[in-house]
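Student: Start from the sequences, fold in the hints, and give me the full structure.
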Amino acid sequence: MVKALRWIVFAIAVLAMNFPIVVTLITSLKSQRELSTNPGLWISRPTFDNYLEVLTQTSRFNIYAYLLNSTVAALIGTGLAIVLAFPAAYAIARSEAGKRLVLPIVINLRAVPLIIFAIPLYMMYQWLGLLDTRIGLGLILTIVNAPLALVILVNAISDVPVELDEAAKVDGASSLQVMMMIVRPVIRPALVTTFIFGFITAWNEFLFGLMLTTSRAVPMTVGASFFFAASGGGVKWGTASAVMMLGALPPALLGLVMYRQISGSMTAGAVKG
Amino acid sequence: MALVTRAEGRMYLTPLVGFLLLFLGFPAIVNLIYSVSTVTFETLRSPVLSGLGNYVAVLNDREFWSSAWFSLRFGLLTASAECLIGLFLAIFLAPLLSKRPVLMAPLMLPLMVAPAMVGLMYRLVLHEFAGPVPYYLFEWFGDSPAFLDINNAFRTLVVVETLQWTPFAFLLFYMAYSAIPLDVREASSLDGASPLEIVRWIDLPLMKPTLVIAFFIRFIDGFRVFDNVYALTGSGAGGSTTSLSIYIYQAFFKEGAIGKAVAASVVLFLASFIVLHGLNRLAGRRKG
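So the protein sequences, as listed, match chains A and B. If you want this note's numbering, it's the position in the first sequence, counting the first as 1, plus 49. If you want this note's numbering, it's the position in the second sequence, counting the first as 1, plus 88.
These aren't lab readings, by the way, just hints derived from the structure by calculation. Beta carbons are placed, not taken as given, at the ideal position from N, Cα and C, and that holds for glycine. Since no wrong hints were added, every one of them can be taken at face value.
In silico lysine-lysine, DSSO-like type, Cα no more than 30 Å apart, as pairs:
| # | chain 1 | residue 1 | chain 2 | residue 2 |
| --- | --- | --- | --- | --- |
| 1 | A | Lys52 | B | Lys187 |
| 2 | B | Lys296 | A | Lys148 |
| 3 | A | Lys218 | A | Lys148 |
| 4 | B | Lys342 | A | Lys285 |
| 5 | B | Lys296 | B | Lys187 |
| 6 | B | Lys296 | A | Lys52 |
One side of the interface only, derived from the structure: several residues of chain B facing chain A at Cβ under 10 Å:
| # | residue |
| --- | --- |
| 7 | Gly97 |
| 8 | Leu101 |
| 9 | Leu104 |
| 10 | Val105 |
| 11 | Pro189 |
| 12 | Leu197 |
| 13 | Pro198 |
| 14 | Ala202 |
| 15 | Ala204 |
| 16 | Ala218 |
| 17 | Met263 |
| 18 | Phe311 |
| 19 | Asn316 |
| 20 | Ile336 |
Tutor: Listed below in structure tokens is the structure:
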């Protein structure tokens, strides 16, 4: 009896929280004609026409460009965040440096509204010629990813037994060698998690994409809204839905495959942060 | 012998610190200078110092205070709702989830979708002709509210934000709940405690730190909300959905009021600094 109730609550929660995704998926599979008569949650004649249109008619809005921009910027933003955070995390976990100032400041960064920095960054980018470039967007995404990357990696390195480092040290390894050849392979799972989580975060970022790009480097989150700009006959809901499904797919797939690791890192960032 | 000397440690910290100084320290200084200057898009590189006029303008701007009020209410309401629903789901669904961990995946899916994208999706969901929600409300009740007009937009946004981020609170609570040793609960149930009593007197006290942290994180994220509000209403609905983040964005991009936007940024920075400082001291005291 209670068990049935648990299943019912589970079903309601899943449906309610994923409702916009369900509606968008259904809408993306309806033909233009069906959409005008049937806004409900069933499909009488499913079709992939909307997806075909989005993927083949790219003269006005090119979804491939948005997907590529998001991919490149997210890869830079995640890769660079790890490259910067890993040695810092090693120093914090294994030496006296950085515990007092760097770690608390970077952790608190997660809670600071980043819009505070957006306007000067916009000006700075104008001077440096980084406006509307993938590299420019990627550099900002590095800032977005750095706090959580640092926390996850500090936790992971702290869990590595110090004896491993000591043994290598006795054998004459420098601290750089210990970091790269002993610690790095051991915490590989944490590095992968950081990467996946950072990639999802970067892909889903919107504010800086909106402010710092206009045409060449527009990421998927911003590009999707272009399809809502009414073109004469109002929004074409079928194609707009197909665009949103395609744009949401990469992080959603990554998340569904890696949900266990991600839940671990989310709580790491929250609990120890 | 230290494994890593202090000097080596500093060296390893340098790249990250340098990067942050360049991308956050420099902008912070620009913020401070420009906030006490007269500057337009034409004179962007040569601001003229002009005192505290921008701050006076911001603090006298009714829109600034109404957006601060929006952010505060939005943050408190969504954080409370998310934590309450998340807590209920975590405890009530725990027996189901501990046996079938894969059920976590659909519950976590909303966290993987960009808030901006979710905002766009709700434009479809709530659209008066194309959206299923108004459609069914008309079918069943003969009427449907205008979800995004000036009277309802705030409530609609609270629901949208809550539905997307309840999974986050749920996830933290579920992890904390699962970490409580089973024998603690078994012992109290042998002593005759009812399930509700166990939740009240065993689980909740043990989960208290997580409850505080989850509420705080969700409050901050709600307070600085931008993406889904911008995508869904674009601060429309008669300005009734302008959060502080959107206020700053609009002052800069729409009005070109750079001084005002930057001064508002500094005010927001000071506010977050004070709040974070207080919380850190609180956390420090708790750790002892």
